[in-house]
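**Student:** This is what each chain is made of:
2 protein chains.
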Amino acid sequence: MILVYDANEKRVQKFLKVCRKYLVHVQRSVFEGEMTEAQLRYLINELENIMDENEDSVVIYKFRTKKYYERETLGVEKPSSEEFIFS
Amino acid sequence: MILVYDANEKRVQKFLKVCRKYLVHVQRSVFEGEMTEAQLRYLINELENIMDENEDSVVIYKFRTKKYYERETLGVEKPSSEEFIFS
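From first to last, the protein sequence lines stand for chains A and B. Going by my numbering, the first residue of the first sequence is number 1, and it counts up by one from there. Going by my numbering, the first residue of the second sequence is number 88, and it counts up by one from there.
If you are wondering where the hints come from, they were derived from the structure by calculation, not from laboratory data. Predicted model only: the values in this text are computed from it and were never measured. Check the hints yourself; a few may be wrong.
Quick list of in silico lysine-lysine cross-link-like pairs, BS3-like style, CA-CA up to 30 Å [said to hold, decoys possible]:
id: 1; chain 1: A; residue 1: K10; chain 2: A; residue 2: K62
id: 2; chain 1: B; residue 1: K97; chain 2: A; residue 2: K17
id: 3; chain 1: B; residue 1: K104; chain 2: B; residue 2: K149
id: 4; chain 1: B; residue 1: K154; chain 2: B; residue 2: K108
id: 5; chain 1: A; residue 1: K66; chain 2: B; residue 2: K108
id: 6; chain 1: B; residue 1: K104; chain 2: A; residue 2: K62
id: 7; chain 1: A; residue 1: K21; chain 2: B; residue 2: K154
id: 8; chain 1: B; residue 1: K97; chain 2: A; residue 2: K10
id: 9; chain 1: A; residue 1: K67; chain 2: A; residue 2: K21
id: 10; chain 1: B; residue 1: K104; chain 2: A; residue 2: K10
id: 11; chain 1: B; residue 1: K153; chain 2: A; residue 2: K21
id: 12; chain 1: A; residue 1: K21; chain 2: A; residue 2: K10
id: 13; chain 1: B; residue 1: K154; chain 2: A; residue 2: K62
id: 14; chain 1: B; residue 1: K153; chain 2: B; residue 2: K104
id: 15; chain 1: A; residue 1: K62; chain 2: A; residue 2: K21
id: 16; chain 1: B; residue 1: K97; chain 2: B; residue 2: K108
id: 17; chain 1: B; residue 1: K153; chain 2: A; residue 2: K66
id: 18; chain 1: B; residue 1: K149; chain 2: A; residue 2: K62
A few chain A residues that face chain B, going by a derived Cβ cut-off under 8 Å, partial list only [to be verified]:
id: 19; residue: Q27
id: 20; residue: E48
id: 21; residue: M51
id: 22; residue: D56
id: 23; residue: V58
id: 24; residue: R64
id: 25; residue: T65
The beta-carbon is built from N, C-alpha and C at its ideal position, and this holds for glycine as well.
Taking the hints into account, I'd like the entire structure generated from these sequences.
**Tutor:** In structure tokens form, the structure reads like this:
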């Protein structure tokens with residue numbers, strides 16, 4: 001799973017706190033991780049409680065397999081969920 | 088493909104300009120789109136020319152198939168590459 005958010009500055013700290021409970025912080029507003037559909041529902045529920053639906057935005061990309069997945073980074077190396085979860 | 092960047096404010100406009108040539112702007116620093124490996128190399132080359140490798144960061148997630156892919160959004164609806172490319 002990859003989660004990206006775009007929140008008003010006032011709420012960024014809340015977003016960070018909630019997302020960090022479930023996922024690995026990869027970049028300013030980008031998170032990665034693996035979770036079950038049930039965990040995802042908890043996360044979404046928490047995010048809906050803190051977000052302003054007219055101002056903030058969250059996009060979640062879900063992948064059922066990592067088989068066809070490749071990750072490439074340029075510049076400063078950021079943590080990958082691989083390092084935390086899969087190895 | 089999903090591309091996210093985290094660049095110094097001074098270079099954000101340049102990043103936007105380059106990424107928009109190849110991809111759909113989904114969120115502040117997030118882009119989506121489909122491209123060939125050759126196009127990706129052009130994009131990476133352009134990004135490497137404008138980025139400061141000690142300060143900026145780009146993460147590219149590549150997927151060979153959309154078969155196992157699902158996208159979910161909360162809050163403000165952002166454009167999806169689906170609308171531009173696949174429909």
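**Student:** Starting from K154 (chain B), check that the Cα of K108 (chain B) is at most 30 Å away, please.
**Tutor:** Answer holds: K154 (chain B) to K108 (chain B) is near 26 Å, not above 30 Å.
**Student:** Tell me if the straight-line CA distance from K97 (chain B) to K10 (chain A) falls inside 30 Å.
**Tutor:** Roughly 23 Å between the alpha carbons, so the hint for K97 (chain B) and K10 (chain A) holds.
**Student:** Check whether the Cα positions of K97 (chain B) and K108 (chain B) lie no farther apart than 30 Å.
**Tutor:** 19 Å, holds
**Student:** Given the hint that K62 (chain A) pairs with K21 (chain A), test it: the Cα-Cα distance must not exceed 30 Å.
**Tutor:** Holds, because 18 Å separates the two Cα atoms, which is no more than 30 Å.
**Student:** With a cut-off of 30 Å on the C-alpha distance, tell me whether K154 (chain B) and K62 (chain A) pass.
**Tutor:** Within the cut-off at roughly 11 Å; holds.
**Student:** Holds or violated: K67 (chain A) with K21 (chain A), Cα cutoff 30 Å?
**Tutor:** Satisfied, since the Cα-Cα distance of roughly 26 Å is no more than 30 Å.
**Student:** Has the given pair, K153 (chain B) with K104 (chain B), been kept, meaning a C-alpha gap of at most 30 Å?
**Tutor:** Given that 30 Å is the threshold and the Cα spacing comes to 26 Å, the pair holds.
**Student:** Given the proposed pairing of K149 (chain B) with K62 (chain A), does the C-alpha separation stay at or below 30 Å?
**Tutor:** Status holds; Cα separation ~13 Å.
**Student:** When you check the alpha-carbon spacing of K104 (chain B) and K62 (chain A), does it fall within 30 Å?
**Tutor:** 27 Å, holds
**Student:** Given the hint that K104 (chain B) pairs with K149 (chain B), does the C-alpha gap stay at or below 30 Å?
**Tutor:** Given pair K104 (chain B), K149 (chain B) holds - Cα atoms ~21 Å apart, limit 30 Å.
**Student:** Is K66 (chain A) within 30 Å of K108 (chain B), Cα to Cα?
**Tutor:** 28 Å, holds
**Student:** At a threshold of 8 Å, is the proposed contact between D56 (chain A) and chain B supported by beta-carbon distances?
**Tutor:** Interface hint status for D56 (chain A): holds (5 Å vs cutoff 8 Å).
When held up to the earlier numbered hints, the structure conflicts with none and fits them all.
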